[in-house]
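Number of protein chains: 4
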Amino acid sequence: MKSEKTNNLEHILIKCITACETCATLCLQEDHVKMMVKCIQLDRDCADICALTSRFVARNSPHAQHVMRECIEICQACHDECAKHEHDHCQKCAEACQECVDACKDWLASKTTTM
Amino acid sequence: MKSEKTNNLEHILIKCITACETCATLCLQEDHVKMMVKCIQLDRDCADICALTSRFVARNSPHAQHVMRECIEICQACHDECAKHEHDHCQKCAEACQECVDACKDWLASKTTTM
Amino acid sequence: MKSEKTNNLEHILIKCITACETCATLCLQEDHVKMMVKCIQLDRDCADICALTSRFVARNSPHAQHVMRECIEICQACHDECAKHEHDHCQKCAEACQECVDACKDWLASKTTTM
Amino acid sequence: MKSEKTNNLEHILIKCITACETCATLCLQEDHVKMMVKCIQLDRDCADICALTSRFVARNSPHAQHVMRECIEICQACHDECAKHEHDHCQKCAEACQECVDACKDWLASKTTTM
Numbered sequence: 187m188k189s190e191k192t193n194n195l196e197h198i199l200i201k202c203i204t205a206c207e208t209c210a211t212l213c214l215q216e217d218h219v220k221m222m223v224k225c226i227q228l229d230r231d232c233a234d235i236c237a238l239t240s241r242f243v244a245r246n247s248p249h250a251q252h253v254m255r256e257c258i259e260i261c262q263a264c265h266d267e268c269a270k271h272e273h274d275h276c277q278k279c280a281e282a283c284q285e286c287v288d289a290c291k292d293w294l295a296s297k298t299t300t301m
Numbered sequence: 187m188k189s190e191k192t193n194n195l196e197h198i199l200i201k202c203i204t205a206c207e208t209c210a211t212l213c214l215q216e217d218h219v220k221m222m223v224k225c226i227q228l229d230r231d232c233a234d235i236c237a238l239t240s241r242f243v244a245r246n247s248p249h250a251q252h253v254m255r256e257c258i259e260i261c262q263a264c265h266d267e268c269a270k271h272e273h274d275h276c277q278k279c280a281e282a283c284q285e286c287v288d289a290c291k292d293w294l295a296s297k298t299t300t301m
Numbered sequence: 187m188k189s190e191k192t193n194n195l196e197h198i199l200i201k202c203i204t205a206c207e208t209c210a211t212l213c214l215q216e217d218h219v220k221m222m223v224k225c226i227q228l229d230r231d232c233a234d235i236c237a238l239t240s241r242f243v244a245r246n247s248p249h250a251q252h253v254m255r256e257c258i259e260i261c262q263a264c265h266d267e268c269a270k271h272e273h274d275h276c277q278k279c280a281e282a283c284q285e286c287v288d289a290c291k292d293w294l295a296s297k298t299t300t301m
Numbered sequence: 187m188k189s190e191k192t193n194n195l196e197h198i199l200i201k202c203i204t205a206c207e208t209c210a211t212l213c214l215q216e217d218h219v220k221m222m223v224k225c226i227q228l229d230r231d232c233a234d235i236c237a238l239t240s241r242f243v244a245r246n247s248p249h250a251q252h253v254m255r256e257c258i259e260i261c262q263a264c265h266d267e268c269a270k271h272e273h274d275h276c277q278k279c280a281e282a283c284q285e286c287v288d289a290c291k292d293w294l295a296s297k298t299t300t301m
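Residue numbers (our numbering), protein chains in the order written: chain A, 187 to 301; chain B, 187 to 301; chain C, 187 to 301; chain D, 187 to 301.
Keep in mind the hints are simulated off the structure, nothing from the lab. Be careful, since some hints might not be right.
Note that identical chains are pooled: a pair holds if it fits in a single copy or bridges any two copies.
[Said to hold, decoys possible] Only pairs whose alpha carbons sit at most 30 Å apart, straight line, appear in this in silico BS3-like list of lysine-lysine:
1) K220 with K297
2) K291 with K270
3) K224 with K297
4) K278 with K297
5) K291 with K224
6) K270 with K220
7) K291 with K220
Build out the structure end to end from the sequences listed, making use of the hints.
If you want it as structure tokens, here you go:
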């Protein structure tokens, strides 16, 4: 049976994937694409690791915790980069990444406590 | 700018991915796995096509509509198989697949109308 | 039992994924990123559909043929865009996409004949 | 410019994905599916982490090394489980996983040396 926390985590991971995909697409349409390169690169990595993590959590994989540690790291890096840019899509992506970092940390903490 | 309909669609696609992953995992733990084989196989395909579709929609890809047609087909097949089984995870997965089929059809209809 | 043709197809799909990922990464490092935007966008879609197709083929999914038709379409579009650019990574990607289109068409033709 | 080692690694990761997908599909068709459950579960995780790793390597991501460490761990677990079963697809999958573990370790070692 899946807990509320898990359902919520999956929802947050998914929001982060779509925020990253949207951010990458809109960065490519900005006038100064050159300044957005690092942002686009992190968006790609972040969307991919969130996608993997959400599926490992959904399938209750014994490897979910390790993958989530890496997810936290990449989300944090993506947040830090996006937060530097004023574009609306970057700000929204930074927010989604931060929410993701927090939810992943919460989930990991709950696993450590209950085991 | 992303419409409410698109945000909602992405949310429904994601719910379907996690329902499929959960269903496949729990099918593997059932006493009569043998009877669940087709269900597990469809769960894998369905989760993958929904994942692809959600990312094509999020990135506003010109290929989103084609991919979505295939998504509808696989979700429908997954629904039909899951609906045959009484397990709670199968029933929930069938429901998520049906919701996905409906949302994808709505989205496609809205695209046809506005173009 | 998997045929030689299938093993070969999977290998070609994979080469195309890595060519697309590499091309997108190097496009982002070009001086005139602005001119490479369409190329980067197609690289993302192409890598994703090839990844899905290779897994549907590997798992012998009944949906492999439909997905492959979309794969051919996206690979063709990616080839046509990449072929316009003189960068080495674009030329290599165009070549990998063309090889992919040909291999997918061969595979589809072999399925139609043997059924 | 991509080295021979990197091209080879991507090829090996891909072979591992297809070996895992094939193994999971054929495990589901075995008479004693019940005995193959852990194998199927590991096949799913292993295919997914190899897919992520191959794309991070192809796009030259700064996060490739961390992801690869997790890839080694999951490939090793998948190898150990597959190696217990006499089915041809399990033996082939165990072999592909081992090859993957070795190639990833080589690649990581080469990164540490050159930096």
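Against the structure, the hints:
Proximity of K220 to K297 under the C-alpha cut-off of 30 Å is restricted to the inter-copy arrangement: shortest distance 28 Å between copies versus 42 Å within a copy. Proximity of K291 and K270 under a CA criterion of 30 Å is satisfied intra-copy only: 23 Å inside one chain copy versus 36 Å between copies. When the C-alpha separation of K224 and K297 is checked against a cutoff of 30 Å, the pair qualifies only between copies, where the shortest distance is 22 Å, while the shortest distance within a copy is 33 Å. Both within a single protomer and between protomers do K278 and K297 lie at most 30 Å apart by alpha-carbon distance, with minima of 29 Å and 25 Å respectively.
Both within a single protomer and between protomers do K291 and K224 lie at most 30 Å apart by alpha-carbon distance, with minima of 25 Å and 28 Å respectively. In this assembly of identical chains, the alpha carbons of K270 and K220 lie at most 30 Å apart whether taken from the same copy (14 Å) or from different copies (21 Å). In this assembly of identical chains, K291 and K220 lie within 30 Å of each other by CA distance neither inside one copy nor across copies; the values are 33 Å within and 35 Å between.
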